[in-house]
Structures are given as structure tokens and as C-alpha cells.
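K.L.:
Here are the chains, one letter per residue:
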Amino acid sequence: MLRPFEIHQPESVEAASALVGRYGDDAAFYAGGTELLLVMKEGLVRYRHLVDLKTIPALGALDYDAASGLLRIGGTVTHRALERHPTVRERFPIVAEVERLVANVRVRNVGTIGGNLCFAEPHADPGTLFLTFDAEVELVGTRGARTVPIGAFFTGAYETARQPDEVLTAVRLREGGPQTRWAYMKFGIHERPTLGVAVALTLDAERRGIEDVRIAVGCVGPVPARVPAAEALLRGAPLAEADGPLERAAQVAAEGADAVDDLHGSAEYKVEMVKVFMRRAFRAAAARFQ
Amino acid sequence: MEAQGASARPVVEISLTVNGRPHTLAVEPRETLLDLLRMRLGLTGAKLSCDVQVCGACTVLVDGLPVSACTYLAYEARGRQVLTIEGLADGEGLHPLQQAFIDHAAFQCGYCTPGMILAAKALLDEIPRPTTDEIKHYLRGNICRCTGYKKILEAVLAAAETMASRHG
Numbered sequence: 352m353l354r355p356f357e358i359h360q361p362e363s364v365e366a367a368s369a370l371v372g373r374y375g376d377d378a379a380f381y382a383g384g385t386e387l388l389l390v391m392k393e394g395l396v397r398y399r400h401l402v403d404l405k406t407i408p409a410l411g412a413l414d415y416d417a418a419s420g421l422l423r424i425g426g427t428v429t430h431r432a433l434e435r436h437p438t439v440r441e442r443f444p445i446v447a448e449v450e451r452l453v454a455n456v457r458v459r460n461v462g463t464i465g466g467n468l469c470f471a472e473p474h475a476d477p478g479t480l481f482l483t484f485d486a487e488v489e490l491v492g493t494r495g496a497r498t499v500p501i502g503a504f505f506t507g508a509y510e511t512a513r514q515p516d517e518v519l520t521a522v523r524l525r526e527g528g529p530q531t532r533w534a535y536m537k538f539g540i541h542e543r544p545t546l547g548v549a550v551a552l553t554l555d556a557e558r559r560g561i562e563d564v565r566i567a568v569g570c571v572g573p574v575p576a577r578v579p580a581a582e583a584l585l586r587g588a589p590l591a592e593a594d595g596p597l598e599r600a601a602q603v604a605a606e607g608a609d610a611v612d613d614l615h616g617s618a619e620y621k622v623e624m625v626k627v628f629m630r631r632a633f634r635a636a637a638a639r640f641q
Numbered sequence: 081m082e083a084q085g086a087s088a089r090p091v092v093e094i095s096l097t098v099n100g101r102p103h104t105l106a107v108e109p110r111e112t113l114l115d116l117l118r119m120r121l122g123l124t125g126a127k128l129s130c131d132v133q134v135c136g137a138c139t140v141l142v143d144g145l146p147v148s149a150c151t152y153l154a155y156e157a158r159g160r161q162v163l164t165i166e167g168l169a170d171g172e173g174l175h176p177l178q179q180a181f182i183d184h185a186a187f188q189c190g191y192c193t194p195g196m197i198l199a200a201k202a203l204l205d206e207i208p209r210p211t212t213d214e215i216k217h218y219l220r221g222n223i224c225r226c227t228g229y230k231k232i233l234e235a236v237l238a239a240a241e242t243m244a245s246r247h248g
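Chains as they are written, first to last, in my numbering: chain A, 352 to 641; chain B, 81 to 248.
Among the clues, some could well be false.
Said to hold, decoys possible - What follows is a list of derived Cβ distance ranges for each label pair:
#1 Thr493(A) / Gly171(B): 37 to 45 Å
#2 Val132(B) / Arg559(A): 45 to 53 Å
#3 Pro208(B) / Gly375(A): 47 to 55 Å
#4 Glu365(A) / Pro102(B): 31 to 39 Å
#5 Cys189(B) / Glu592(A): 29 to 37 Å
#6 Pro102(B) / Glu441(A): 38 to 46 Å
#7 Phe640(A) / Lys216(B): 51 to 59 Å
#8 Lys216(B) / Pro500(A): 35 to 43 Å
Said to hold, decoys possible - Here are some chain B residues pointing at chain A (derived, C-beta under 7 Å):
#9 Pro90
#10 Gln133
#11 Leu145
#12 Val147
FYI, nobody ran anything at the bench for these hints, they're computed from the structure.
Model, not experiment: these values are computed from the prediction.
Using N, Cα and C, we set each Cβ at its ideal position, and we do this for glycine too.
Construct all of the structure, not just a fragment, from the sequences and the given hints.
P.N.:
Have a look at this one:
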């Protein structure tokens, strides 16, 4: 059972931030509650004040700017809203595809993208995918606003660069060009994913050579992370002869993965699976050019 | 929504509609929708089981969307429409999903059934004629340990057909 707490309904980000600033360790931001209420029920954390971010209308906005190709996802946008939004499905199909497979429909109806990123549970999907978009995270706190690249946002298991009084107001993704395709592959034996690999593959104008590739591996270690050494092995290679570089890149990604032993499996097993799923995800992205 | 005195437990007043009936209640922010339904309104169809949003036994619909009432604050239902299994039948007439679950023997112990039927209702409201894969995808968060799921799939497909024929 949950221990007693008070709920606050700020109408602005500034007011929300000030409340957490005032109550300090005794307060937490509250959005969907799909993660927070679980750890509160378990007694792992105790807050006497929850600051509801859903009473701030601006945080629920989802905007796409066709001129810049930027999608701005408000912090309290739910997984299900992302999954079903027509613009997301049309312009960012990989985002809708990945969101459709997050947890179950009840969690997706309630859980928010901001909550998901800020909770930084290692066994999650969106962060890994967003790394391949070079997404930017907007934070607003009592000391002002700042933007953090997603690669610098996750700092440890359940830890991020967000200061306690900072609200994640939005995450921004830039649309891929006509020569970029995404793929995300995951597998798991429990409710949460054991492993997730995201690949963004960009080919040259003739679609023969790999102009750029971004690869991120999530869930196996404390934080989702890009694997630059693996990306470098593939960049510039002809797509038709990518098997050799892909094999080496998968090996490098596996060695670089900071895999840990947990209930999902041994580190040794996960390293092996990183190789398998990185190859599959790369080939899935390449197949989307056909 | 402030605390009523420094030592008293915080209370908020909420108005919500449950199965078509309006209620105004004082709730503690920590109170879950499941506790409110079961303990205060006597609606025991939704069940507590895993308590971590995995099993679906506590599924109810809030404004038509399935949620896990075990991990959903009653506070969140303020101003909203809640539907539980008790509100699904039309008087003595069972909802087509309820009838289909009986006709296809889609339950045994029955513990998961209220949640399973409500999740299926939300699916059919969204996709009136779902494919088997769409049903599997939508219901993957509702766990049944008795039926093996085949009969549940058959029941949902049959209910979809009944409902489609009724609506022309």
C-alpha cells in the first residue's frame, strides 16, 4: 500500500519546479506514475509531496514543424499518443513502431515519454531509439532552461543529468532524410526488454554505399549507448559488401557493451545477443530501402 | 487541494462517473482506483493480482482506455468516466463479449475474465473487426493461466462479428 502523500497541481513549469525546489528530497514530479508508484508501493522511495505535471497543458503538446523536420514531444505525452499520432506514424514511423511494443496497452495509455526518460530504468526502449536520432532533451528548472543531448542525458541506471528541480519539458527529434531508414529490434523473457538495438542507416544518393550509420544498444548495461567504434567500421563501406564490416562491428559493439548480470541473463549471454541483434537490426534497416 | 491541517492525512475531493453513475468522494491521494472501486463502491469485478501492471486482472476502462486500476490513483479519475465489468451488461442482457466468452468457454477460474473482457471491449471500440494478430497484440498484457488463450481469441472474434452485424 502507498504511504500518505499530498498531491500538488501546478499550472506552469515554473510553479512545478519551485514546488520541488521548496520541498527538496521530500517531493517528486509525477506524470503517468507507471514507474514511480511501483517503487513507492515497494517502499523503495518515500515522498510526501507529488507534483503532478499533467495539470500543465503545455507539457502535453506534440508539435511537428515541416520546415525544420523537428518533432517536439512534450514531457507528458503518453506512449499510446505517440503510437497513434498520425504525424508520428507518417513522418517518424519507427517511433510509432517502437512505442507500439512498449510494455502493454495499459502502461502505454498512462505512461509518459518524459517519465520514461527521467526514470532511466535500464530496461526500456525509447532512450535507445532516441540516441539514433541524436535527440535533444529540454529541461526547465528554477535556475533556467537548458538543452541536453540525449547522449549526455543518461548517466547511470536510474540516473540522469536532470537536476531534481528540473522538469523534462520536451524531447526533440529530427526527421531522417530520404536516404535514411531505421530499425529497432528487441527481445525479452520478462515484462521488460532484455536487449534493444536501434540502427539508423543512411545510404548515398545511389544507395550503394553506407554514408552514415548510428547504432545504439540498450537494456544490457546501466545506460543505453551509441557504439561509435562499430559505426566507424561500417561507415563508407559498400552496402553489397557490408557482411564483413558488419561482423566486425557486431563484435566491437558486443565488446563495448557494458553488459551486467541480472535476472534477464548473464553478461556473457547478453554480449552474445548484442552481436546477433545488431546484425539483424542492421539488415532490417537495409531491407527497408527495397 | 491542500492538506487539511498539518497532522491530518491529505484528502482531495473528486467527482467521477462509474458505470454511468456520478459519484463525489473525498479520497486520499494515495488511494488507488482499484481500492476505491472494490472497497468503497463494492465493485469487486476488477481484481488485485500482480500489483505491478503486468497481469491485467485489475483492468478497467477510464474514458474508454484500459488502465491498471492497481497502479492508477483514484485522483486521476476525477472528471472521467470509469467502466467496470459490472457496468457492461445492459440490464439483464449480456454484452456480446460476455455472451461470446460463455459460448466459447473462454474462461475457467474467471479471475482474469473481467479484465480480459474490458480490454477486448476497448480493442473492439478502436478496431471493430480486428485480425487475430491485432487481438493477440492488444491482449498481450492480460494474462490467463487456465485457457491457453485460444478460446479467448475465438470469443473476441465471435463478439466482433456479432457487434458488426448488429450495427449493420
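K.L.:
Could you run down the list of hints and mark each one as holding or not?
P.N.:
Cross-check of the supplied hints:
1. Look at Thr493(A) against Gly171(B): about 56 Å separates their beta carbons, and that is not inside 37 to 45 Å.
2. At about 49 Å, the CB distance of Val132(B) to Arg559(A) agrees with the hint of 45 to 53 Å.
3. Checking the proposed 47 to 55 Å range against Pro208(B) and Gly375(A) shows it holds: the Cβ atoms sit about 51 Å from each other.
4. At about 35 Å, the CB distance of Glu365(A) to Pro102(B) agrees with the hint of 31 to 39 Å.
5. Checked against the hint of 29 to 37 Å, the pair Cys189(B) and Glu592(A) fails, with Cβ atoms roughly 58 Å apart.
6. A hinted range of 38 to 46 Å for the beta carbons of Pro102(B) and Glu441(A) is consistent with their spacing of about 40 Å.
7. Taking 51 to 59 Å as the suggested C-beta distance range, the pair Phe640(A) and Lys216(B) does not conform, at roughly 30 Å.
8. Our hint of 35 to 43 Å for Lys216(B) and Pro500(A) holds, since their Cβ atoms are close to 38 Å apart.
9. Annotation: Pro90(B) was flagged as interfacial toward chain A, and the flag holds, the nearest CB pair being 4 Å apart, inside 7 Å.
10. The interface hint given for Gln133(B) is met, as the beta carbon of that residue sits about 6 Å from the closest beta carbon of chain A, less than 7 Å.
11. Interface hint status for Leu145(B): upheld, as the beta-carbon distance to the closest one in chain A is roughly 4 Å, under 7 Å.
12. For Val147(B), the suggested interface contact is upheld, since its CB lies about 5 Å from the closest CB of chain A, less than 7 Å.
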